[in-house]
Structure formats: structure tokens, C-alpha cells
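K.L.:
So the sequence lines, in the order shown, correspond to chains V and B.
The first sequence begins at 1 in my numbering and counts up by one.
The second sequence begins at 1 in my numbering and counts up by one.
Derived by calculation from the structure, the hints in this document are not laboratory data.
If you're wondering where the values come from, they're calculated on a predicted model, not measured in any experiment.
Please note that the accuracy of each hint is not assured.
[What the hints assert, rightly or not] Among the chain B residues that face chain V by a calculated CB cut under 10 Å, a handful are:
#1 Ser10
#2 Ile12
#3 Ser13
#4 Ala15
#5 Cys29
#6 Val67
#7 Leu81
#8 Ile85
#9 Leu87
#10 Ile91
[As the list claims (entries may be wrong)] Chain V residues, not near chain B, derived (Cβ > 10 Å throughout):
#11 Ser90
#12 Phe100
#13 Gly186
#14 Glu240
Beta carbons: idealized from backbone N, C-alpha and C, even for Gly.
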Amino acid sequence: MGAIFEQLTGMLEHLGEKRIAVVQLFGTQIRFDVTALIMSWVVIMLLVLLAFWLRRGLRQPVEEKPTRTQAALDAMIDLLQGQLAGNFASERLAVMMFPFVSTLFLYVLLSNWIGVVPYLSSPTQDLNVTFGLALLVFVLSHSLAIRVKGVRRWLKGFAEPYPFMLPINLVGEIAKPLSHAFRLFGNILAGTFLVTVVMVKFMPILVPPALSVIFGLFFGGIQAFVFAILAVAYINVAVEE
Amino acid sequence: MLQEAQNVVSGISGADIAEAAKYIGAGLCMGIGAIGSAIGEGLAAAHALDGMARQPEMQGALLRTMVIGQAITETTGIYSLLIAIVLLFVI
């Protein structure tokens with residue numbers, strides 16, 4: 001019993017610590033957060049394996065009666081299309097962006113949920129991961145805007161509605177990926193901290209699993225949905241006239 | 001010299017005060033910072049409920065918009081959380 005409490009106190013002491021690997025490359029130091037990197041790959045592997053596994057259930061002509069896997073997949077795609085892609089401004093944009101946005105959603109969802117498993121941590125509780133995802137959305141939305149509107153009209157969009165609004169618009173554009181990344185990171189990190197502190201300081205049994213379900217599964221799902229739908233909103237705003 | 005003498009007398013060093021200020025700052029930051037986002041999220045929920053009571057058939061769309069709005073409102077609370085974390089672990 002004492003050993004368990006010692007281990008738990010150790011957990012609290014190591015809260016917020018990171019395992020950093022430093023790699024010397026071309027004379028510069030490159031730092032990796034090993035935990036986030038490994039967990040990120042675990043999530044990607046799980047998604048790929050899940051995709052292959054579900055793909056096996058679809059190998060038949062469409063006219064036949066759908067299998068259970070096929071029905072489940074249909075329902076899932078319908079849900080994603082209705083909730084996420086339905087918010088795009090145009091049908092063409094929705095068709096083009098649906099794979100990206102739904103992949104983003106599934107990756108963030110699984111990343112948030114994997115933190116519930118003991119000894120595993122969410123990659124999204126590392127700021128670098130969420131910031132990478134937010135930057136991905138930022139670059140994608142602006143490159144799409146340049147492609148749709150052309151460079152001149154894209155640049156002119158920053159001076160709308162009046163030219164003196166330019167600094168405010170620029171700050172607003174920079175704030176978008178920042179708040180996008182911090183929101184996901186803060187929510188997941190706060191959940192992890194709360195569960196760990198309650199487990200170590202108040203009650204090691206019964207309460208932490210319940211909290212873990214609320215913060216990991218419920219808020220994790222909502223935050224994944226919000227992350228994807230904000231990506232949709234940012235792409236919409238960047239592309240719109 | 002005088003400072004050192006005072007420290008010896010009171011037994012409290014500047015590092016102790018800085019340590020205490022860190023915890024007080026983090027607590028205040030979370031406590032006050034949470035007020036704004038809590039009020040904002042409550043307002044969003046209240047008005048979404050109003051809308052749902054008036055038009056029950058709009059429930060799905062209202063719920064979705066409410067959740068997104070609340071998540072965006074929460075950002076200020078998350079910022080204060082970040083500052084609290086920086087106060088506790090980084091500084």
C-alpha cells in the first residue's frame with residue numbers, strides 16, 4: 001500500500017515534466033518531445049489499422065445487402081458529412097475539404113481518448129502537437145484563399161472594410177491559430193492535471209475513473225468536434241468573398 | 001547588511017515571498033479568470049434554452065451552435081489557465 005502511495009506522489013512531482021530528446025543535425029539542435037511523438041505515431045497507427053480493418057468489410061458489390069460494418073461506416077460518414085461538411089459555404093468546397101476535416105476530427109478525437117488508457121498520454125496535451133495542427137489549418141486556409149481569390153484580392157482582404165483596420169485584421173489572423181491551438185491543449189492538459197491531482201491528493205479509487213470519463217471522453221469528444229468545426233469556419237472565412 | 005539582518009530576524013527570505021506570490025498569483029489568476037468564461041457560457045446556454053423552448057424543432061442546430069460558442073467563450077478561461085501553469089511550473 002505504501003509503495004502505491006509513493007508511486008502516486010511521484011506522479012504528482014513529475015506532473016508537467018517532459019522527456020526531451022536532443023538531436024544534433026547540421027550544426028543545430030533539434031528537440032523532440034519523445035512522449036508526444038510516440039503517442040502521436042500510436043494514434044496514427046491505430047487510425048490506419050482501423051481504416052484497413054473497416055475496409056475489409058466493404059469488399060462486395062454495392063447492390064447486395066450491406067454488411068454490418070458497411071452500415072456502421074455509412075452512418076459514421078453521414079454523421080461527419082452532416083455535422084462537419086454541412087457547414088461549408090459551397091458544395092464544391094465541402095467535397096474538396098471533407099477528407100481533410102474529417103481526418104483532423106478523427107485524429108484529434110482518438111488523441112484525446114487515448115489519454116484515458118492508463119500509462120498512455122494524449123499527444124494533444126503537448127502544445128507542439130496542437131500548434132502544428134492549428135498551423136496546418138492556418139496555412140491551408142490561406143493557400144486556399146490565394147488559389148480562389150488570387151494574390152491581389154487576398155491581400156486586399158486584409159484592408160477591409162477600411163485601410164486603417166489593417167493592423168487589427170493582422171492581429172486577428174495571428175490570434176486564430178494561437179487560440180485554436182491553446183483551446184485544445186488547455187482543455188486536455190487541465191483534464192489530465194485534475195485527474196492526477198484528485199487521484200494523488202484526495203482519493204485514488206472510484207473518483208478518478210469517473211473524472212477521467214468526463215474529462216477524457218466527454219470533453220475530449222466535444223473539443224475534437226470544436227477543433228474540426230473551427231477549422232471549417234476558418235477555411236470558410238478565408239475563402240469567402 | 002540591513003536587509004540580511006532583517007531576514008535573519010524574520011526568518012523569511014525573498015525566495016520564500018516569491019514562492020508564496022507564485023501560488024497566490026496562480027490561484028487569483030484561475031479564480032478571477034474563470035468568472036468571465038463562466039458567465040459567458042451561462043449566457044450562451046440560457047439563450048440556447050430560450051430558443052429551444054420557443055422552437056423545439058431547432059434543437060439540433062441550436063445545441064451545435066451553443067457548444068461551439070461555449071468552446072470559443074472558454075478560450076479566455078484557457079488563457080488564464082495557461083498563465084497559471086506558467087506561474088506554477090515555469091517561473
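K.L.:
Against each hint, give a clear statement of whether it holds in the structure.
P.N.:
Now the hints, each set against the structure:
no.	hint	in the structure
1	Ser10	30 Å, violated
2	Ile12	25 Å, violated
3	Ser13	23 Å, violated
4	Ala15	20 Å, violated
5	Cys29	13 Å, violated
6	Val67	6 Å, holds
7	Leu81	5 Å, holds
8	Ile85	7 Å, holds
9	Leu87	12 Å, violated
10	Ile91	13 Å, violated
11	Ser90	19 Å, holds
12	Phe100	19 Å, holds
13	Gly186	4 Å, violated
14	Glu240	18 Å, holds
Hints 1, 2, 3, 4, 5, 9, 10, 13 from the earlier list are contradicted by this structure; the remaining hints agree with it.
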